[in-house]
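Visitor: Next come the chains, spelled out residue by residue.
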Amino acid sequence: MVNSNSDALGIIFPNSYDALVPELVSERLMASIPFASRYRLVDFVLSSMVNCGIDNISLIVRKNYHSLMDHLGSGREWDLVRKNGGLNIVPPFANRHVKVYNGRVEALASILHFMRAQKQKYVIMSDANIAMNFDFGALIKAHMKSEADVTLVYREEETPASLVANRESTESMYYTFDIDESGRVTKIKTNSADAGVQNQYMSIAIIEREKLIDMITDGHIQGLIYLERDILANRLEDIRVSAYKYEGYAARITDVQSYFRENMKMLDEENLDALFSGPIYTKIRDDNPTRYIAGAKVSNTMAADGCVIEGEVENSVLFRGVKIAKGAKVKNCVLMQDTVVGEGANLEYMITDKNVTITANKELRGSDSFPVYVMKKQTV
Amino acid sequence: MAKEMVAMLLAGGQGSRLYALTEKLAKPAVPFGGKYRIIDFPLSNCVNSGIDTVGILTQYQPLVLNEYIGNGQPWDLDRSQGGVHVLPPYQQASGSDWYKGTANAIYQNISFIERYNPQYVIILSGDQICKQDYSDFLKFHKEKDAEFSVAVREVPWEEASRFGLMVADENDKITEFQEKPKEPKSNLASMGIYIFNWDVLKKYLIEDEADPESENDFGNNIIPNLLRDNRRMYAYHFNGYWKDVGTIPSLWEANMEVLDPEHSGINLFDDDWKVYSRNSGMTGHRISGDAVIENSMITDGCRIEGNVKHSILFAGVRVEKGAEVEDAVVMGGTTIKAGAVVKHCIVAENVIIGENAVVGAMPEDSENGVATIGFGVYVGDNAKIGPNAMVNNNVKDGEEEW
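Going down the list, the protein sequences come from chains A and H.
FYI, in the working numbering the residues of the first sequence are 545 to 924.
FYI, in the working numbering the residues of the second sequence are 8 to 409.
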């Protein structure tokens with residue numbers, strides 16, 4: 545191949561699993577949740593795709609997508625301002641016959657015309673609830689070699705408790721597989737309560753574009769909703785589904801606790817290096833470097849640019865533009881963009897959303913297993 | 008499309024007094040203040056002042072600068088009309104020449120300026136750290152009905168003889184120009200920032216070029232010629248922060264002043280006057296449990312395990328365990344290994360300071376040199392670099408350099 549482009553179209557579903565983190569998505573969606581001091585979750589899957597030469601990427605949004613549009617803009621930071629392909633945000637096209645989609649079949653049915661007009665041979669689908677540095681190039685290669693119709697990506701882990709707790713609802717569907725020795729998926733289980741380590745689907749799938757178009761066209765006519773539950777799981781005999789195991793670093797957000805935990809894991813340099821093994825792009829804010837004023841005391845902390853720190857910070861993740869005043873103490877906290885902590889305030893096990901202000905001398909405390917969350921733009 | 012004012016930014020200087028720092032790049036590309044390069048200041052000033060057409064005149068070692076400017080997007084200067092243009096000397100049917108002087112650089116680009124048919128041209132210098140509203144300067148120029156205005160600042164009388172001085176009357180009208188005079192008649196130093204009416208500038212550039220005796224320099228030729236002809240010339244007083252960072256000590260000092268915005272006047276935290284730059288795209292910086300940070304600026308991508316005091320660390324700097332960094336300017340991608348001591352110095356990009364090496368020293372008595380380590384230099388383990396050293400080549404383990 546002359547250029548480094550991949551022969552695949554990227555499709556991202558940025559609202560998937562919104563229901564698991566109602567606090568964090570009250571004014572946004574899963575994909576635009578801030579993560580790891582200066583990123584949003586979507587940056588990881590988007591950058592991974594771009595780094596593998598996928599430069600035609602569509603995001604099919606469902607609701608609450610203003611923050612995502614603002615974050616992505618024209619897609620310049622991801623090098624996705626292209627004449628051919630580039631970034632394509634697909635909002636719901638509301639008319640009498642169309643309702644907001646629930647599953648991938650419905651979502652993809654709304655862009656069938658677009659998919660038919662593209663030239664790439666493959667389509668790669670992904671959600672945006674997992675921060676990882678994924679090698680899509682290797683996935684494409686493995687899929688081509690396997691001669692499967694569809695390849696699904698999984699990793700071996702126990703099903704997160706918050707998913708099992710919601711298994712009776714169809715809002716946050718999850719899937720586990722049985723796989724034979726050849727790597728073929730023999731069974732797809734929906735919302736299974738099986739205990740122990742499972743082959744846990746990561747919502748990443750690759751399929752030939754033409755085959756996907758046929759599958760969605762037929763499925764949609766029959767009123768099907770979910771690609772995995774309604775099509776793949778029922779047709780494993782005639783659709784050859786192959787499994788691809790991911791063994792790299794992954795931070796999956798399934799509830800507020802895991803959000804806190806996965807941010808905290810960034811304080812371990814091994815995790816940090818694993819997640820940032822390839823470049824991850826994000827929106828540029830043109831902040832100045834972070835300033836530590838005399839009197840500041842900082843240990844085991846990750847901070848982005850634009851912070852001003854005069855107080856004490858320990859075991860915390862600070863996003864861009866956080867201000868911590870004199871005499872304030874911040875311990876085991878995740879403070880999102882532009883949080884202001886007033887003089888003498890004392891915070892422990894807190895998550896503050898964007899633009900939160902903690903006034904002087906306030907004492908706020910959560911616990912290790914239950915960090916307390918303060919909503920966007922609130923003043924405490 | 009006509010533009011009211013076009014900016015021409017002189018960025019071709021070698022900056023020879025920055026020695027090791029400008030060996031491989033032009034002075035305007037020298038990193039500054041944690042995540043900027045010097046040229047970010049005039050470029051950001053342009054954008055913040057509403058100027059969207061900028062010509063950057065390059066000549067000396069332009070590669071880093073060219074790549075950095077790119078399409079001008081970080082400064083919002085990627086415009087379909089105007090925008091930023093890098094202008095190196097080029098071959099013409101009549102022959103080709105390097106830029107012989109500041110005025111000649113503009114002369115050679117008359118056709119660039121003509122494309123925009125401006126009323127005014129502002130000449131900027133690419134080697135100053137300054138936050139200035141050029142629109143206010145233009146307002147002054149118009150109010151005075153001037154043909155030429157120069158930005159000046161008051162300097163202490165005892166230092167005045169080091170500068171090009173404007174002697175002006177109570178209406179700010181310039182009556183005399185003194186270049187580094189022994190007996191100064193004024194303490195208004197030229198900042199090297201001029202606004203010209205374009206028709207006037209063009210006329211004098213063409214005349215100047217025709218004069219074989221001329222050095223083709225604004226200060227030495229164009230301004231004296233304007234005075235000779237009694238042109239309407241005015242001095243615009245600028246009181247904000249301004250620093251010529253042409254020498255190692257002044258560059259170091261300006262960086263240190265960034266650490267004290269409350270007193271120094273150079274506030275990079277100003278949301279109303281942002282300084283834009285090309286970002287590293289690195290992840291947030293990490294301060295480990297053993298690190299001690301005091302009164303410093305730390306940029307994305309840094310990993311700090313040692314002690315950092317009153318210093319500026321650019322993107323991606325690593326300070327290992329037990330290393331001590333004080334009063335230092337450490338540029339991007341540099342690694343300071345375990346136990347090294349780095350003080351009162353400038354360390355350029357991508358340098359490796361070996362274990363237990365010593366670079367620079369805090370001032371003692373009259374000894375207050377700023378040690379300087381050039382780009383990509385490797386300083387071996389246990390090596391020692393004296394406070395006045397200027398290091399351009401690798402230093403072997405255990406060796407000393409003074």
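The set of hints was computed from the structure by calculation and includes no laboratory data.
Just so you know, even glycine gets a beta-carbon here, dropped at the ideal spot from N, CA and C.
Heads up, some of the hints might be wrong.
Stated by the list, open to error - Below, simulated SDA-like cross-link-like pairs (lysine to any residue); rule was C-alpha separation at most 20 Å, straight line:
(1) K344/H <-> D817/A
(2) K867/A <-> K281/H
(3) K146/H <-> W164/H
As the list claims (entries may be wrong) - Label pairs and their calculated CB-CB ranges:
(4) I633/A <-> E186/H: 45 to 51 Å
(5) D278/H <-> R620/A: 55 to 61 Å
(6) M369/H <-> N899/A: 52 to 58 Å
To be verified - Here are some chain A residues the structure puts well away from chain H; computed CB gaps all over 10 Å:
(7) Q662
(8) P823
(9) A838
Visitor: Against each hint, give a clear statement of whether it holds in the structure.
Guide: Evaluation of the provided hints:
| no. | hint | in the structure |
| --- | --- | --- |
| 1 | K344/H <-> D817/A | 19 Å, holds |
| 2 | K867/A <-> K281/H | 18 Å, holds |
| 3 | K146/H <-> W164/H | 29 Å, violated |
| 4 | I633/A <-> E186/H: 45 to 51 Å | 59 Å, violated |
| 5 | D278/H <-> R620/A: 55 to 61 Å | 22 Å, violated |
| 6 | M369/H <-> N899/A: 52 to 58 Å | 42 Å, violated |
| 7 | Q662 | 28 Å, holds |
| 8 | P823 | 6 Å, violated |
| 9 | A838 | 4 Å, violated |
Of the hints listed earlier, those the structure fails to meet are numbers 3, 4, 5, 6, 8 and 9, in rising order.
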